[in-house]
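Protein chains: 4
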Amino acid sequence: MPETLFKIDLTKPMHAQEVPGHNRWHPEIPAVVNVKPGDSFRIECKDWTDGQIKNDDDPSDIRDVELSVVHVLSGPIRVEGAEPGDILVVDLLDIGALRGDEWGFTGIFDRENGGGFLTDHFPDAAKACWDLQGIYTSTRHIPGVKFAGITHPGLIGCAPSAELLATWNKREKALVDKGGPPWKPPIPALAELPNPKNAVLGTLAASEFDRVAAEAARTVPPREHGGNCDIKNLSKGSRIYFPVYVDGANLSMGDIHFSQGDGEISFCGAIEMSGYIDLHVDLIKGGVEKYGMVNPIFKPGPVEPQYSEYLIFEGISVDEHTGEQYYLDAHVAYRRACLNAIEYLKKFGYTGEQAYLLLSCAPVEGRVSGIVDIPNACCTLALPTGIFDKSILPT
Amino acid sequence: MPETLFKIDLTKPMHAQEVPGHNRWHPEIPAVVNVKPGDSFRIECKDWTDGQIKNDDDPSDIRDVELSVVHVLSGPIRVEGAEPGDILVVDLLDIGALRGDEWGFTGIFDRENGGGFLTDHFPDAAKACWDLQGIYTSTRHIPGVKFAGITHPGLIGCAPSAELLATWNKREKALVDKGGPPWKPPIPALAELPNPKNAVLGTLAASEFDRVAAEAARTVPPREHGGNCDIKNLSKGSRIYFPVYVDGANLSMGDIHFSQGDGEISFCGAIEMSGYIDLHVDLIKGGVEKYGMVNPIFKPGPVEPQYSEYLIFEGISVDEHTGEQYYLDAHVAYRRACLNAIEYLKKFGYTGEQAYLLLSCAPVEGRVSGIVDIPNACCTLALPTGIFDKSILPT
Amino acid sequence: MPETLFKIDLTKPMHAQEVPGHNRWHPEIPAVVNVKPGDSFRIECKDWTDGQIKNDDDPSDIRDVELSVVHVLSGPIRVEGAEPGDILVVDLLDIGALRGDEWGFTGIFDRENGGGFLTDHFPDAAKACWDLQGIYTSTRHIPGVKFAGITHPGLIGCAPSAELLATWNKREKALVDKGGPPWKPPIPALAELPNPKNAVLGTLAASEFDRVAAEAARTVPPREHGGNCDIKNLSKGSRIYFPVYVDGANLSMGDIHFSQGDGEISFCGAIEMSGYIDLHVDLIKGGVEKYGMVNPIFKPGPVEPQYSEYLIFEGISVDEHTGEQYYLDAHVAYRRACLNAIEYLKKFGYTGEQAYLLLSCAPVEGRVSGIVDIPNACCTLALPTGIFDKSILPT
Amino acid sequence: MPETLFKIDLTKPMHAQEVPGHNRWHPEIPAVVNVKPGDSFRIECKDWTDGQIKNDDDPSDIRDVELSVVHVLSGPIRVEGAEPGDILVVDLLDIGALRGDEWGFTGIFDRENGGGFLTDHFPDAAKACWDLQGIYTSTRHIPGVKFAGITHPGLIGCAPSAELLATWNKREKALVDKGGPPWKPPIPALAELPNPKNAVLGTLAASEFDRVAAEAARTVPPREHGGNCDIKNLSKGSRIYFPVYVDGANLSMGDIHFSQGDGEISFCGAIEMSGYIDLHVDLIKGGVEKYGMVNPIFKPGPVEPQYSEYLIFEGISVDEHTGEQYYLDAHVAYRRACLNAIEYLKKFGYTGEQAYLLLSCAPVEGRVSGIVDIPNACCTLALPTGIFDKSILPT
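Residue numbers (the working numbering), protein chains in the order written: chain A, 728 to 1122; chain B, 728 to 1122; chain C, 728 to 1122; chain D, 728 to 1122.
Take these hints with a grain of salt, some might be off.
If several chains are the same, the list does not tell them apart, and a pair holds so long as it fits within one copy or across any two.
Claimed, not checked - Subject to a maximum C-alpha distance of 27 Å in a straight line, what follows is the list of computed DSS-like cross-link-like pairs (lysine-lysine):
no.	residue 1	residue 2
1	LYS763	LYS734
2	LYS734	LYS781
3	LYS1017	LYS873
4	LYS897	LYS911
5	LYS1073	LYS1117
6	LYS1074	LYS1117
7	LYS911	LYS900
8	LYS1117	LYS1017
9	LYS1074	LYS1026
10	LYS763	LYS1012
11	LYS873	LYS1117
12	LYS1117	LYS763
13	LYS924	LYS781
14	LYS1026	LYS1073
15	LYS1012	LYS1026
16	LYS900	LYS924
17	LYS924	LYS739
18	LYS1073	LYS1017
19	LYS1012	LYS1073
20	LYS1074	LYS1017
21	LYS1026	LYS1117
Keep in mind that the hints were calculated from the coordinates and are not lab data.
Here the structure is a predicted model, which means the values were calculated and not measured.
Given these sequences and hints, build the entire structure.
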């Protein structure tokens, strides 16, 4: 086992750890771990909420979660010799649970607390707590399902440069100022702009704290550096190619998911957990220009769970409430595919909330199947039938 | 081999076939084939353009294609006993090329003739012609790639009821009247509304032709009945569950693709071909209500080509020209993922057009990876590395 | 579709075809097809018995089959420039049924007519006739099973040199003279030595017929050149590397199987059919020495049917009748694994004969799992559960 | 993480553990762990040699290993309510390395110390030591290869009844008395009969020790109860159905392999390691008769490493030294397939010993491809090309 370079005490919040991590993106947050290209090492992570959720049957903790705290990240990790324009090559050698904390949770965020993809249909907070049983998981809150995890860090990436950070802040503020698309529900919000409340900035000097906290980007969206991509296939054995923006790269990570469906639709939709990640790092000097890289690229690992039978639901970009036709809108089309799958699962005895939670965290595939056939986008949701303990095929 | 119930003479346009098919959707287009539940049979299909494209090196036929002709469909097929509210169960037993016509084409539509997903980046018509070599294909127009087909009908579905047709026409007209989203380029059009020009309506009585042609929906978009879904995984061995809207179901199909990538991004993006489809049909009486079905559902077949190594490109919903931030826009995010992959492939010697054509027709996977992390959607494009005759991994 | 270079008239036996094939191996059988490296072409094949078996419910044709006739092969194919020591690279581009002959048969050979792997347990002839339904097959003789084919030539290889032929004849005669291992049942025979009866030698001059027929090797066993390997994974899309022994290579093939289990245990155990094979050929000059090749090597194709759930049966090298312990004997161990699977399937309502036929032709995997743990070999038989229309898991 | 019910101190031999395991099979070895149906728990295991092999470059420890010590097993585990005739259902929830002991070894046993499958070709001891890097492994002793593990217990099974033990002892002694097949080399031995030397019998009362040690079966071969099956696919997530022979079942296990090829051909051929196994147990009362069970049956797990490209080597049952023809001998045929693969790999710069070690421990598939085509068995060895860092295809 590689040496653990970032340790977590699960009884303490991130800011009170012996070496604290961070929950904002900023180039000036100091590295707390130093490694060399070629090194392998272990990083421990708290769950994304910093331990706000309990393993019980009451979803009020989901409803009341303090979102200014998220996502708590482990790092930054300085890689010797890394310079802007390099590619940082990260191998995810292994990912697993911390001893004594082998459980996870999936939540539907309350409409009053951020909501999610289907918040108009499921406005109330709900929660499923999952037992992690080796490679498998099951939950008392959704009977009759069991599946193997495809564990991954929901969030991983290098620190932005000052310029890149400024770009993020500018464009996100412009969106808030301008407003979203016509179909946008009032919830979720358009964006989370910098917010000093509950900011954790690692070992940053106190003298710099207020300035940096006011500038630092929230961790919610995926951006050019990767970040909170929530890509379910970024699992054990993956090799990721990250653009480097600052000297030392300053890689951070967190938000470990035991499993997730494409889209992570309920927002807190993965099986969220604390855990460890074993990594190996290397550099491709000058790789960003050599390969015309904008966003990270990755090669998934060889041990993803295999299913040979799927039931696939189609969705098109027509609003389910108004019947309004949207133009090649893959967001609406995927929402319709999800709703179609939920309606179907209700015929097999699941509540809508159970189905919504399940599509969020089980290894469903969400595809952009057709994106050119005006005016409808066609998205599909593929549900592996093997996760159920009985047949869910039509008969 | 099952009996061929719909035959094609490749030397004649669809309207001049001995038994003509159709290129519009309308409940009154008469069935031309009759089958019973439990039957297996073969249907032959022309390519979607009705033979307008030639196997040569000149893309002017793509530029000048007459789009009022598309898509030419084989059918309708009446299934005895099928009634509105039933599910029509269709097994795609086999799909293949017609003897003597074993080739296909992929095109980039000209900005002046409809455009495609990336028309702002690739405004000019281009074409690749593919040799079909058993399960494999390759093309003189994109050297160094070869892959196995995942052959499927781009378009298949049952005839709409009069009510459903009226709904389609109303909502699509409303979209044209209202206009599209802010990022919409002037090309492609918002929608294709009913257009009598070049309408082919099978054996419909002449007395009804003008009325029906004025009402009948174009075949371009996927809709509730399925239709032009362009789902690459709807391949050999798939079982599809279709909602039935009219007595006899009136199933039609066409637009066979030897292979396609998720999204079919260049619009004429699959490897388009003529061919045959062997089908088996059955009914689930009253299945639509029993299973809460809105759109078709399907179970993919067991013989899709397998790849174990992918290179995956991420994209986020930020406009590539203006840097504008869009709100959870999976369309923009997938466009960025595609552009990132194209930029990467250009580093390996492909032109942008070659890369665009390749991502359209090779078996790439397009995923809605994260759709809740405000304000960015994250889409991914997974490129199987095994289709190239040399390594395309970063080094 | 490539040009058909070897055609079959299904109404005539092989010796009466316009251009006859052959049913023995000998370097002097003249090539009847000429191709160049880089060529693609189609070869048609009769079923291995030359049409002796009928699509009915009476297994007497299996019992009475004339085995001196087998295997009827299509070829030889001369490849220009091929010389001894070269590698002939053969791509199996496609394999399929002949129009109007879309069925196959699986037989248990009678103890009096050659027997098979489990002849002591199932001494009587039996037959299952399979309907080929596109990629799938099912049979009225074994209800409740349906699966996708993994179609392949049971037999393919280049003509031996005179020296290689002499080696074969010598060592096989020595075996007959010496006798087999202690566990050998009286049936099947030890080997089939050259037998002029019913020999078909293509276009060989009459003056040479008797001499060559007396020397020519039977086609039954796999040998250094490949030949009757009955490898189920040598399916569509495979690339095979064959050693060349004579000028022109003289490639022949036949014994097409729609599907087969590892081992082809009932001897006539595949789903035997007539059909066509589309091939592409090329040469690696001097490849045999360059790669130290003894037997053929191949790369399987990408479209094998996928299953994600198997039930696996173990077997060890202890005789099922006497309890005698054999020494690391994988033959006995695989027999026990097969018998264990048959016994299990009988608990689900199948007769022993049905189970034996099914394990012969369904895509079961037979593995040499442990071959060093004295004195027991451990072989396993993996049965894909998805071929059954109900669950066969223990409960 | 489930509770650890059997702990290992890596600094002590098995007999000196606080609760010792055992290295022989006998119904009277007392259970040391008690569980109930439905329980999940962790068992720790030493490597099969009880720590005799060192992580260095000197194979003399392989040459000098004391084989009377093997295999050291953890257990027996008593399952409440289990009775003879029941099926014990064992889920392998997870398998992994022990902290601080993340390495493994593969050895070629010396001809003077037991030998292996190819001992006539590779008579001298050799060793490769593997670094375990999360899901991957690589070794300084075989450059250019890296692969994901398919970790499994080489040995797991329930205690035999007195009657079953007597059967084993009787038939194995009869083999030794009678002698092996004609092709048998003088090494390895025919069988390992009961041997009190170095017997470890758990907590058995001293008064019974000598008698039991004289009766207890060696752990080397797989037998009816499973035992040392060395089945590489019995990995994470597998569900195994074991026959129960004694009250409480008395399940034991050990010989953990990080990875192994089918056959484990060099005898010490897996990547041998210490480790832990997380299990879940349940019972099917009376299941042995209900399902006609003789040997264990299992359902493999869903996370086996996936490869899409293999190079497959054929072998036939002709002796490589003498050219003698054997009768449908899958042992000889698989040996030839292995030798063909080794010869091939030598052309890419590996020594024969390196290739032999690699085929022993990498995830190669060994198939009984044809077992009825008299007189030759055809076995195949499928080598995943993705484990090499360069192409090994012929060109």
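Hints, verified against the model:
no.: 1; hint: LYS763 x LYS734; result: within (19 Å within a copy, 36 Å between copies)
no.: 2; hint: LYS734 x LYS781; result: within (21 Å within a copy, 31 Å between copies)
no.: 3; hint: LYS1017 x LYS873; result: between (44 Å within a copy, 25 Å between copies)
no.: 4; hint: LYS897 x LYS911; result: both (21 Å within a copy, 22 Å between copies)
no.: 5; hint: LYS1073 x LYS1117; result: both (14 Å within a copy, 24 Å between copies)
no.: 6; hint: LYS1074 x LYS1117; result: both (13 Å within a copy, 21 Å between copies)
no.: 7; hint: LYS911 x LYS900; result: both (17 Å within a copy, 22 Å between copies)
no.: 8; hint: LYS1117 x LYS1017; result: between (51 Å within a copy, 18 Å between copies)
no.: 9; hint: LYS1074 x LYS1026; result: between (38 Å within a copy, 18 Å between copies)
no.: 10; hint: LYS763 x LYS1012; result: within (14 Å within a copy, 47 Å between copies)
no.: 11; hint: LYS873 x LYS1117; result: both (11 Å within a copy, 20 Å between copies)
no.: 12; hint: LYS1117 x LYS763; result: between (50 Å within a copy, 26 Å between copies)
no.: 13; hint: LYS924 x LYS781; result: within (23 Å within a copy, 55 Å between copies)
no.: 14; hint: LYS1026 x LYS1073; result: between (36 Å within a copy, 19 Å between copies)
no.: 15; hint: LYS1012 x LYS1026; result: within (19 Å within a copy, 36 Å between copies)
no.: 16; hint: LYS900 x LYS924; result: within (18 Å within a copy, 48 Å between copies)
no.: 17; hint: LYS924 x LYS739; result: within (19 Å within a copy, 54 Å between copies)
no.: 18; hint: LYS1073 x LYS1017; result: between (51 Å within a copy, 11 Å between copies)
no.: 19; hint: LYS1012 x LYS1073; result: between (53 Å within a copy, 19 Å between copies)
no.: 20; hint: LYS1074 x LYS1017; result: between (53 Å within a copy, 7 Å between copies)
no.: 21; hint: LYS1026 x LYS1117; result: between (34 Å within a copy, 16 Å between copies)
When each numbered hint is compared with the structure, no violation occurs for any of them.
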